[in-house]
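Protein chains in written order, with UniProt numbering: chain A, 1 to 630; chain B, 1 to 326; chain C, 1 to 321.
Rather than coming from a laboratory, the hints here were simulated on the basis of the structure.
Computed from a predicted structure; not experimentally measured.
Mixed in with the good hints there might be a few duds.
Computed beta-carbon distance windows for the label pairs [stated by the list, open to error]: (1) A/Ser83 to C/Pro243: 32 to 38 angstroms; (2) A/Gly307 to C/Pro243: 41 to 47 angstroms; (3) C/Val245 to A/Asp67: 44 to 50 angstroms; (4) B/Arg43 to A/Pro279: 49 to 55 angstroms; (5) C/Glu228 to A/Thr598: 49 to 55 angstroms.
According to the in silico footprint, chain B covers these stretches of chain C (three or more CB under 8 angstroms from chain B) [as the list claims (entries may be wrong)]: (6) 17–29; (7) 102–112; (8) 133–144; (9) 148–156; (10) 259–272; (11) 279–291.
To give an idea of the chain A side of the interface with chain B (calculated C-beta under 10 angstroms), a few residues [as the list claims (entries may be wrong)]: (12) Pro322; (13) Val427; (14) Phe431.
Where a beta carbon is used, it is the ideal one built from N, C-alpha and C, also for glycine.
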Amino acid sequence: MALLEVSNLVVDIPTEDGTVHAVQDVSFTVHEGEFFGIVGESGSGKSVMVQSIMGLVAGARTSGTVDFRGRNLLALDDEAMRSVRGREIGMIFQDPLSSLHPQYTVGWQIVEQIRAHEKISQQAAKARAIELLERVRIPDAAARFDAYPHQFSGGMRQRVMIAMALSLGPALIIADEPTTALDSTVQAQILDLLDEMRREFGATVVMISHDLGVLARVADRVMVMYAGRRMELGESANVLCSPAHPYTAGLLRSSAFNREPGTPLVPIAGRPPSLLAPPSGCAFASRCPDAMSICSERPPLRRYDDGTEVACWLEGEPGEPPAPELPPAVEARSDDPAADASIVRVESLRLAFPQRRGPASVVLDDITLEVRRGETLGLVGESGCGKTTLARAIAGLVAPTAGTVTFDGHELSTLGRREWRSLRRRVQVVFQDPFGSLNPRRRVGSIIGDPFRIHGLASGAERRAEVQELMELVGLNPEHYNRFPSQFSGGQRQRIGIARAIALKPELVILDEPVSALDVSIQAQVLNLLDELQRTLGLTYLFISHDLSVVRHVCDRIAVMEGGRIIELDDADRLYRDPQQPFTKRLLAAAAPEIPRTPARRRLVRAARPREAGPAPVLLPERAIEGARR
Amino acid sequence: MSLSTSKPPAPRLATPKTAAIAARNAADVQLRGSWSLTFARLRRDPASIGSIAVILLIVAFAIGAPLVAAWTGHGPTEQFRDTGLSPSGIPVGPSAEFLLGADQLGRDVLVRLAYGAQVSLLVGVVASIAASMIGVVVGVVAGFFGGPVDTVLSRITDLVMSVPFLLCAIALVAVLGPSLPLSIAVIVFFSWTGLARVIRGQVMALRHREFVEAARSLGASRTSIMFRDILPNLVVPIIVYTTLMIPSAIVFEATLSFLGLGIVPPTPSWGNMLADAANGSLYLIAWWMVVVPGGALLALTLAFNLLGDGLRDALDPAASKGGKGA
Amino acid sequence: MTRFILSRVGFGLLVLFLLSVFVFVLFYVSPSDPARIIAGDKATEELMAQIRVKLGLDQPIYVQYLNFVGNLLRGDIGFSYRSGLPVSDLLYARIPVTMSLVFGAVVLWLAIGIPIGIASAKHPGSLRDRFGQGFAIVGISFPTFVLGMMALFLLYFLPTKAGVTLFPPGGYVPFAQDPLGWAWHLILPWTTLALVVAAVYARLTRGQMLEVLGQDYIRTARAKGLTERRITYTHAFRSAMPPLVTQLGIDIGLMLGGVIVIEQVFGLLGVGSLAVTSVAMQDRPVVIAIVLLGGVFVVVANLVVDLLYAVLDSRVRTAAR
């Protein structure tokens, strides 16, 4: 039975630059009791869509209908909508820290929600809140009732959010990226909890995620969105194992967890269209490997006999574009051919910050590590494990409390000013946040030209030529020399950061979560670029990430960090096959499993033009009745 | 309550926080220079255009003060006791002879207004620029170097902020004798603190941004980081804050003059024109003596405040609208 | 927490110390001669020398300063050079006037400024917001004395001339004597002061509320199905409050030291007008006492603000445990 039926939903958001057509003509049905996943990259409109269903997007103009238990949510007045929110539809948001009020205790916040909708006494509400906290397995719930959100860990906070969303036994729970801000081991626990609570409370869950791997784990059915449109919808096994839309297929091909390590990812070329002026035809056409001339017209909705619905002109299965060809690897660069095989040696490194009260906080503890010339060494761990600090210590940006870091035979702490500066040419860092690592007030040309300026290597026209060559190399248009960083997308910005890092032909590049902030299809582009540069320039990489699947894909060896220590270090393959430490095992268990690709066994039932009312043109008359009301 | 030590940043969220921001991010950013964009936004704001016009008008009026004096034939301190005062000694109102009326000594209010504008503008602009320079230097040094340097400078800033400034100002002026340079010095001394705090906060935040770390990892020197990486990001608050400091400096000067502690009479300033009006509640019968300088003062401060707001909106649209996501 | 409070108290004492030194040195370098002020123009050199010895003015400045501090600790602020009265008596007579003025104005400006700020922030860009912002910017631009003079002219002089007395021209009636007369006499100064300051609070409130309303937890509050009123006040305003409290503490502290301009305009004999006349007459003990009194108010207000901040912020409060 349908619980939520969204038909022809359109959401426009007026902004200073023009109207953003965030959601364009999206229809879907959520059945009672199911786990419905919505997947899409940033800007696909998935978040805007569910939030506007709940009336939470200020200034949004909506049309279409959202039928929930016989009422059109878009037409409800404020008072009626208010009684739906929280009581009949509970919501869980991405970042549990910022989503809970910092100045009230978690117990107070749950009680508030209960008493907003039900006339019960404070004591009864409190008893129910404690019971809820127990059910989401907050240890010592009665005592934690009076704790503030900042006194909980990330995962515990999300449990509180879940308890709050469940407090009135809503029929529907909308979870908007509920695990994105969490560490992968915690992610898995929260997903399991969500699924368990769904069964226990008999609720229906709509979950939004950018992560195919996460949805593959829990969703019964998924809807794939792109550029504000619905691309594909169906049983998750069907959609994810044998995608019918080229975009879904492309997403799967560019997901690191879904590709054999060592094989290049197949990125989706280009980037999403602007939602200010979306194309009138298929939004994906410009990036689609199967694009045809007819794709400039709005695609029909095709239904298959397994329930999959696809908005695409393609009749067969999406094609498999060839993997990008990688250049042959060159020998690792070295100024001194007699140098030994390791470029960096870290010996019993320790880093502790003194605290005003109590003992110093130890960030790095007794770390011994060696980076071999020409390899990619992965550094994996959860947030706060010290992996970034270790990278900074290796780069010489923070001084260790004890122990040594030796780069190519020179101990960093003994270097003079001049040597330190020359070291800066040989070790480079690519930062995690492509928005934060580029100065917003400077032009791209001057940012990429910085290494030349700082080391006095090239100036004027010569520097400009060097910069433009670099831009070409990393796949940026050299004509964009005079633009500001804000005029580039996240992926392009990361390319700028990479261009800056390789400008002086360094030997070691430290990559600090270089793709974590990027969408999957863009991640693949950047990962391939890094691979290509490593081969042609003979670079050594130290690759830091919290994402095991990405690390496994690109690294030769992997070091696992926990609590400031390296607990396991091994060849990537061996570490995967035979992890030694319990923490590594947990990490591996939490990582997204590969989605098996199965050949499609489906038949086209019916194709309809999306906007047209009345009976749609029927292609296969004998199956039409069956397909019309699934 | 220890301030945070450098904590390794958590993985960035792959999706922006609010739906509206997501929508905005998804919208393609067009190629536009930041300055031309600013001017385009300013031009669309009638309040900013109007206030620029008012400011230019008053500036022209101040520069043209000698012309006004020559045109009316009245000097700024010249007393016309026979034409400007009624037989019973009451100043005459606006008339053909005295367009904006006369004051208690029979001086032309229009001419004095023009010369007074010079004082107001001079004090306002000079004091704010000087104060903002001090504020920027203190803020940047404190924020960039941190540690004991920061502690000392912040304490000094707090100290100046905890002083009952008007009381101290009048004590100071009373002892040292009123003069224009002293007025400016007093205003500067009590005005730089706000900007210093703002800039310090900004620099502290910028210092931990990744692009500064990137510059450091490239081997950039401290000076290079300070001038090339940090300072360009401070241009907006400096411009806005300095603009908004001008009207408060103008009012500060007028207040000092009003209390008889600013510009020495008979030199006209808007503050002592108002003091003349208040003296013996003369303005109750000679309303133009308060309406003219008071109105001019209000117009000028209002124009600068509006311009400051307009500049902030134009230079940094996201900040003024808040993150109005939901 | 105690360490924090002690450091704030220490800082406050430092402020007061520096202030007193500042005023002392200032008058020491002053060309005016207190003996002349006390004895009058026709006094003989002999008499003036006598007076100097009596006041200890013949001593080096640090001795004078130490004597002053010693007396202060014994509760003796000294005598006015002009009237010969104890400075404490002069201040006792003036403080109630200034306090009445400030506290009445505080109530008014909060009652005007905060609702305007909240209403503006709830619908940014709306007509109501433009109106509120317009009020705020005009209020901020209005010099207090110009507004005061205009208020007197329009609300006292014109009606009185027309034969209707709406408000008195100024002056002060003690609350204990006639509460209604007290309020009636203060209503114009209250309103004048409140309008100017309310503008600042309207802007501050709007800015804070806009920032808070954009936070994720406000979205959560909406998703919980709370009423708009509850979201605005219980959730958003609660978070917007700390900076307002800070500002309020600073303002009250500064104003208790003397609302100089308003007192001048409305002829109120408060601390501010005492400061102006004493400064003009070079009445050193009175000026020193007022500046220090102003300093004490600021320091105490800052201390109260710091404590309130800790109470208002759960993060500070729980860290203190």
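The hints, checked one at a time:
no.: 1; hint: A/Ser83 to C/Pro243: 32 to 38 angstroms; verdict: holds, 34 angstroms
no.: 2; hint: A/Gly307 to C/Pro243: 41 to 47 angstroms; verdict: violated, 55 angstroms
no.: 3; hint: C/Val245 to A/Asp67: 44 to 50 angstroms; verdict: holds, 47 angstroms
no.: 4; hint: B/Arg43 to A/Pro279: 49 to 55 angstroms; verdict: violated, 32 angstroms
no.: 5; hint: C/Glu228 to A/Thr598: 49 to 55 angstroms; verdict: holds, 51 angstroms
no.: 6; hint: 17–29; verdict: holds (count 7)
no.: 7; hint: 102–112; verdict: violated (count 0)
no.: 8; hint: 133–144; verdict: holds (count 7)
no.: 9; hint: 148–156; verdict: holds (count 4)
no.: 10; hint: 259–272; verdict: holds (count 4)
no.: 11; hint: 279–291; verdict: holds (count 6)
no.: 12; hint: Pro322; verdict: violated, 28 angstroms
no.: 13; hint: Val427; verdict: holds, 8 angstroms
no.: 14; hint: Phe431; verdict: holds, 4 angstroms
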